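Chemist: Chains as they are written, first to last, in my numbering: chain X, 1 to 108; chain Z, 109 to 237; chain S, 238 to 378.
Read the hints as simulated data drawn from the structure, not as lab findings.
All values derive from a computational prediction rather than experimental measurement.
All residues carry an ideal CB built from backbone N, CA and C; glycine is no exception.
Worth double-checking, as some hints may not be accurate.
[As the list claims (entries may be wrong)] Calculated pairs, PhoX-like style, for lysine-lysine (alpha carbon to alpha carbon, straight line, at most 20 Å):
(1) 316/S to 347/S
(2) 104/X to 270/S
(3) 270/S to 245/S
(4) 75/X to 29/X
(5) 165/Z to 270/S
(6) 292/S to 270/S
(7) 316/S to 165/Z
(8) 310/S to 165/Z
(9) 245/S to 104/X
(10) 75/X to 165/Z
(11) 363/S to 104/X
(12) 119/Z to 75/X
(13) 316/S to 292/S
[Said to hold, decoys possible] To spell it out: a stretch of chain X is covered by chain Z in this simulated footprint if at least three of its residues, at any positions, have a beta carbon under 8 Å from a beta carbon of chain Z; those stretches are:
(14) 5 to 14
(15) 34 to 45
(16) 93 to 102
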Amino acid sequence: MSRYVIVTSRDLYEYASSSSMLELAGALKHRGHEVTLYLIENGVLAARQGAQLAARLSDLSQAGVTVLAEDVSAKARGIEQLAEGVRLSNMDELADLIVDGCDKVIWY
Amino acid sequence: MAEKTLVIFEKPIYLCMEPVDPHLFATAFGVVETPVQVNVLLRDSAVTYAVERQDMKGARVLGVDVQEFDTNPARVVAFMLEQGGQVYVVREDAEARGIAPTDLVPGVQLISREETVGLIETHDAVMVW
Amino acid sequence: MARQSGAKSVAIVLATGSYEREAPTTVLRLAEKLLQRGVNVNVWAFEEAVTLTNKDQIDHSEPGALQGILGEKHSHVSKYIDMLLRAGLHGAKLDWVSCILCVQERGVEKHQMNSVTIGTLGDLWKFVRAADRVITIPSYR
Chain X
1 MSRYVIVTSR DLYEYASSSS MLELAGALKH RGHEVTLYLI ENGVLAARQG AQLAARLSDL
61 SQAGVTVLAE DVSAKARGIE QLAEGVRLSN MDELADLIVD GCDKVIWY
Chain Z
109 MAEKTLVIFE KPIYLCMEPV DPHLFATAFG VVETPVQVNV LLRDSAVTYA VERQDMKGAR
169 VLGVDVQEFD TNPARVVAFM LEQGGQVYVV REDAEARGIA PTDLVPGVQL ISREETVGLI
229 ETHDAVMVW
Chain S
238 MARQSGAKSV AIVLATGSYE REAPTTVLRL AEKLLQRGVN VNVWAFEEAV TLTNKDQIDH
298 SEPGALQGIL GEKHSHVSKY IDMLLRAGLH GAKLDWVSCI LCVQERGVEK HQMNSVTIGT
358 LGDLWKFVRA ADRVITIPSY R
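Same shape as in the complex, but just chain X (with noise of 0.2 Å):
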C-alpha cells in the first residue's frame, strides 16, 4: 500500500485527459492504496455545488478517496459552496500531505 497525493491544477472541463486523471484516482483506490485528490487553481472549478463534473468527485469521495479544494484557489473563483464529499482545504494541509502523509505526488 502506498499513499498518493494527485494534485489537480488543471481545468477538468477544458482538458480530455482530465478524465483519465479521475480514472487514475479511483483505480489507485481500488486496488488498495490511499489517494488524496487535491483541487488547486483552476482545477477547483469542478467541485463548485451543481457543476456537471461535481457528481464525479463526490463519486470519489464515496469511493474512499479523499477529496480537497484549496481554500485561496476556491476564494479567487468566487466558490463558495462545495459539491458534496469535498472538503475545503488550505496550503499548510498541503505542505503537510507531501510531507507527512504521501509516498508520491502527481502534479497534474
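Model the placement of chains Z and S on the given structure of chain X, informed by the hints.
Modeler: The following block gives chains Z and S in isolation, referenced to the frame of chain X:
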C-alpha cells in the same frame, strides 16, 4: 477597418502576479481608451470572470499579499459595462460549472451557445485570447 | 522504491513563467510552507521559468485609465523569490537553480538574481535522485 471587435475569453487566469489576467485588462483598455468598439464574450471556464464575490486576498508569501491591490476579474467586467462595452456569458457553460444567473455581475448578458454565432457575424474582427 | 515518511527534501521542477500563469505563485506559496516545516526545497527552473529570477524586473505603473481597477502599480515575482531565499537563510534551505540552456537561449544569463545558481540538466537529475518527494509542475498549454 475593424471598428467593432469581439474579444473571446476561454481560459481563466488567476493569481499570476498581475492584478488580473493581463488579457482582461488589455481588453478593458480597448473599451475605455480607444475608438474601437470592444465587446466581450466569456465562454468555457472563462465564464467564471463574471462571477461576483471573487476574492484574491488570501494569497500571500511570507505574509505579503501576492496581489497588493484589491481587484478581481468581476470588477473589470463591471468596469467594462460601465464604460459601454457589452459582456456576454454563454449560458450552457455557466450552467455546466454550477454558476447561476444570480451569481453574475449585474448587466452581463446570458446568451445561448447558438446565439454566439450571431455575435461573430455582427463584429468586424474576432480576437480569441 | 517506496519513499519514507517525514520528507526532509522536496524537489520542484517548474517550467512556466509568471504574468499569465498561476503555477509560479502556487510554487512560492507551497515552498514557504515546506521551508516552515524544516524541509529543504530545491527548485529547478526550466524553460520560461528562468525568467522568474530575472533581476531587472521592476514595479511598473499601470495605465492611467485603468488605475481605478488595477491600482497604481504591481510588484514582480522576483521580489517574492528573493524573500523566500532570504527566509531560507534562517531555517531550511531553498536552492533555486536556473537551467543554463534556457537562460542562454533567452539572453537572461547575465540577468539572473545573485542568489540563483545556473545549473545543468545533470543537476536536475541529481535533485530528483536526492529528493524525498519530487513535484513536477506540468507546462500544459
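Chemist: Are any of the numbered hints broken by this structure? If so, which, sorted upward?
Modeler: Per hint list: 4, 6 and 16 violated.
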